[in-house]
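Take a look at the letters that make up each chain.
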Amino acid sequence: MNDIEFENKLQAISKGLDYPSTPDISASVMKKIRPSVSHRFMPKGLIWSLTLILILLISLFAIPPVRAAILEFIQIGIVRIFPQNVEATIQPTIESAPTITPAPSMIPLLEAIIGETTLSQAQEKVDYQILLPPDFGEPDYVYVYDAAGDMTILVWMNPSQPQSVELSLHFIPESSWAITKMGPTIIELTTVNGEQAIWAVGPYPLRVYNMDEIEFTRLIEGQVLIWTEGNITYRLETNLSMEEAVEIAESLEPIP
Amino acid sequence: MDENTLIRLAVHGDVTAWEPLMQQHQQAVFRLCYLLLGDPDDAEDVAQETFLRAWNHIKRFDTTRPFRPWLLSIASNLASNRRRSAGRYLAALTRAFQNEIPQANLEEKNLQSNDANELWKAVKTLNFQDQQIIYLRYFLDLSVNETAEVLEVPEGTVKSRLNRAIEKLRKIIQQDFPILFEGHEA
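Respectively, the protein sequence lines represent chains H and R.
Under numbering that gives the first Met the number 0, residues 0 to 255 are what the first sequence spells out, in order.
Under numbering that gives the first Met the number 0, residues 0 to 185 are what the second sequence spells out, in order.
Worth flagging that the hints you see were computed from the coordinates, not collected in a lab.
There could be a bad hint or two in this list.
As the list claims (entries may be wrong) - Lysine-lysine pairs mimicking DSS-like chemistry, simulated, CA-CA at most 27 Å apart:
#1 Lys8/H to Lys120/R
#2 Lys170/R to Lys14/H
#3 Lys158/R to Lys170/R
#4 Lys8/H to Lys58/R
#5 Lys14/H to Lys123/R
#6 Lys14/H to Lys158/R
These numbers were taken from a predicted model, which means no experiment stands behind them.
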């Protein structure tokens with residue numbers, strides 16, 4: 000096959016790719032850009048009323064107890080959680096929070112983005128001790144990701160359902176991104192090794208920040224135990240109960 | 000209303016002109032993002048971001064140049080950033096915890112037998128630059144001139160890059176995906 004035939008064949012085959020149907024992107028974008036434009040057509044009276052409301056709100060924020068109440072949040076390590084009632088006060092409902100379309104498996108994607116490594120290579124790379132839950136043995140997948148500090152991710156697959164994850168454990172160094180969870184359905188305060196910990200259950204929009212810029216918001220379904228020891232924030236995601244998650248967290252041991 | 004008129008209106012801040020322009024080009028933008036990222040959710044996020052950025056910078060758009068390559072250029076840069084972004088793996092991780100059997104799974108299995116899907120797999124083994132040029136030229140069927148506009152390089156550079164990318168792809172197909180062109184190589 001000569002070059003031209005090869006190119007023609009490429010063109011012909013590529014046209015047969017079955018793309019997902021294109022979502023209505025224009026509608027979502029219009030929602031975001033319309034409000035700023037509508038101000039141009041606002042009657043003067045309305046502008047004055049809104050200015051007055053704004054001044055009142057600013058005054059309200061100037062009163063220390065009110066400000067404290069509005070800005071209340073729970074912080075564990077680098078993770079900051081705004082309980083739902085507070086979230087309602089400081090942030091309008093996120094109408095356009097995207098729903099999740101399940102993917103077959105995260106593993107190929109993780110491999111493409113981060114690249115899998117081994118436990119020993121990971122331990123050599125990071126400057127903190129990687130811990131393992133003895134009952135689960137070695138993880139099925141190990142990743143180290145440069146997230147302004149080397150973050151380690153360990154993943155254990157469910158032996159009876161190889162496509163689904165049973166447990167994932169993140170080790171997030173202090174200097175890493177700030178991950179903010181906004182208004183999970185359930186938050187329980189608990190302890191891991193006597194230190195305060197949070198058990199958060201979705202759904203909730205998760206925002207991942209990088210260098211003060213919002214990277215993305217996504218609706219999260221899941222349950223996560225978050226706690227800190229030293230400079231490391233641990234994030235254990237599992238479908239197990241909170242008690243079981245705490246038990247796993249407290250059982251963590253250095254790599255044998 | 001024709002595209003040039005809509006662009007002129009949008010440049011002057013008319014948001015109502017932006018909507019039909021988006022509708023006209025959202026499929027190409029979404030598809031390029033999907034090809035580069037391999038995930039429909041990511042592709043949607045980046046496609047939205049593309050149109051938001053384009054709107055915010057529309058005043059700087061040179062109306063003598065073609066519009067679609069400009070959009071695709073923004074999309075391509077954003078997709079490249081997204082491939083390296085922090086959030087991507089978290090989204091993937093989160094989805095993995097959903098217990099329901101994803102329909103996409105079944106669809107993907109069917110697609111895997113599809114030649115186009117096999118070809119896509121082969122292209123994905125190339126580096127980002129090579130992927131980008133092949134997606135633009137063949138998958139999205141852009142002309143050499145349009146591809147040059149997207150990549151902001153001269154047409155001659157597109158041709159030479161394309162030749163190199165095709166050569167690499169040809170070797171990969173012969174080695175790992177021989178079934179793709181089976182019957183044609185003899």
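Need the status of pair Lys14/H, Lys158/R: alpha-carbon distance at most 27 Å? With a Cα-Cα distance of about 21 Å, the restraint between Lys14/H and Lys158/R holds, given a limit of 27 Å.
Just to be careful, I want the Cα atoms of Lys158/R and Lys170/R compared with a cutoff of 27 Å; is the pair within it? holds, 18 Å
Is Lys8/H within 27 Å of Lys120/R, Cα to Cα? This hinted pair holds, its Cα atoms lying about 16 Å apart.
Could you grab the alpha-carbon distance between Lys170/R and Lys14/H and see if it respects the 27 Å cut-off? holds, 21 Å
Would you check the hint for Lys8/H and Lys58/R, treating anything up to 27 Å between C-alpha atoms as holding? Violated, at roughly 40 Å.
Verify the proposed pairing of Lys14/H with Lys123/R, using a straight-line Cα cut of 27 Å. holds, 16 Å
Of the numbered hints given earlier, the model fails hint 4 alone.
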